[in-house]
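Participant: Residue numbers (my numbering): 131 to 302.
Hints may be right or wrong, so weigh each one.
30 Å max Cα-Cα, derived DSSO-like pairs, lysine-lysine [as the list claims (entries may be wrong)]:
(1) Lys251 - Lys136
(2) Lys132 - Lys290
(3) Lys235 - Lys251
(4) Lys132 - Lys286
(5) Lys133 - Lys290
(6) Lys286 - Lys261
(7) Lys136 - Lys253
(8) Lys259 - Lys132
(9) Lys133 - Lys286
(10) Lys261 - Lys133
(11) Lys290 - Lys136
(12) Lys261 - Lys228
(13) Lys290 - Lys259
(14) Lys235 - Lys259
Pair by pair, the computed Cβ-Cβ distance ranges are [unchecked claim]:
(15) Asn240 - Leu280: 39 to 49 Å
(16) Leu280 - Met257: 29 to 39 Å
(17) Asn276 - Lys251: 29 to 39 Å
(18) Lys236 - Asn298: 36 to 46 Å
Source of the hints: derived by calculation from the structure; they are not laboratory data. What you are looking at is a predicted structure, and each value in this text was computed from that prediction instead of being measured. We treat Cβ as the ideally placed atom computed from N, Cα and C, and that holds for glycine.
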Amino acid sequence: MKKEIKRYAIHEAGHVLGVYFTMGNIDRIESANIDELGGYVDLNNEFITQFVKPDITTDAGWQELFFDACYTISGGVAVMLIYNEPNLDWESMSEDRKQFEARWKKEIDNKQIDVDDLFTKAKEYCMNKFKNNNPLLTAISTALLNNFALYQRSGKLYRKALEEILNNTITI
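Using the sequences provided together with the hints, build the complete structure.
Facilitator: Pasting the structure below:
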């Protein structure tokens, strides 16, 4: 199997864990997907009403912003940790960042948010959560790769399958 496909699977597994660790569940995820060109995690549009880390802020808008920053950066953090890379590969994450900045342009401009600082905080948060949870990253990425091999050219896991993996692999 191509090395790129494995990186895509790890990257998407990181997005799943980014959602899981910021929210305490994966209710916002519909599915995680990989193919020969990359991957994506399909989120529903539910707004966060309760946040796992209330010490970050009690403002729901800021919670959604921080959740989205963690979601955006978590794929790159997963790849960095699994491959023991010294830095995030921003080139491979450029689409994630562009989408984040487009979604939050008005709020970023109005509140004068330093996106680099926000991503630094999100990276630290994800690294702290991920560092002892390689088995979760491995289990999710392996399941994506197995489905990719089985269905040739596409690997997809729906929320129920992701929840089963999380419930059977928790090492927090």
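Participant: Work down the list of hints and note, for each, if the structure agrees.
Facilitator: How the hints compare with the structure:
no., hint, result
1, Lys251 - Lys136, "27 Å, holds"
2, Lys132 - Lys290, "27 Å, holds"
3, Lys235 - Lys251, "19 Å, holds"
4, Lys132 - Lys286, "17 Å, holds"
5, Lys133 - Lys290, "27 Å, holds"
6, Lys286 - Lys261, "25 Å, holds"
7, Lys136 - Lys253, "21 Å, holds"
8, Lys259 - Lys132, "28 Å, holds"
9, Lys133 - Lys286, "18 Å, holds"
10, Lys261 - Lys133, "22 Å, holds"
11, Lys290 - Lys136, "22 Å, holds"
12, Lys261 - Lys228, "26 Å, holds"
13, Lys290 - Lys259, "22 Å, holds"
14, Lys235 - Lys259, "27 Å, holds"
15, Asn240 - Leu280: 39 to 49 Å, "47 Å, holds"
16, Leu280 - Met257: 29 to 39 Å, "32 Å, holds"
17, Asn276 - Lys251: 29 to 39 Å, "34 Å, holds"
18, Lys236 - Asn298: 36 to 46 Å, "41 Å, holds"
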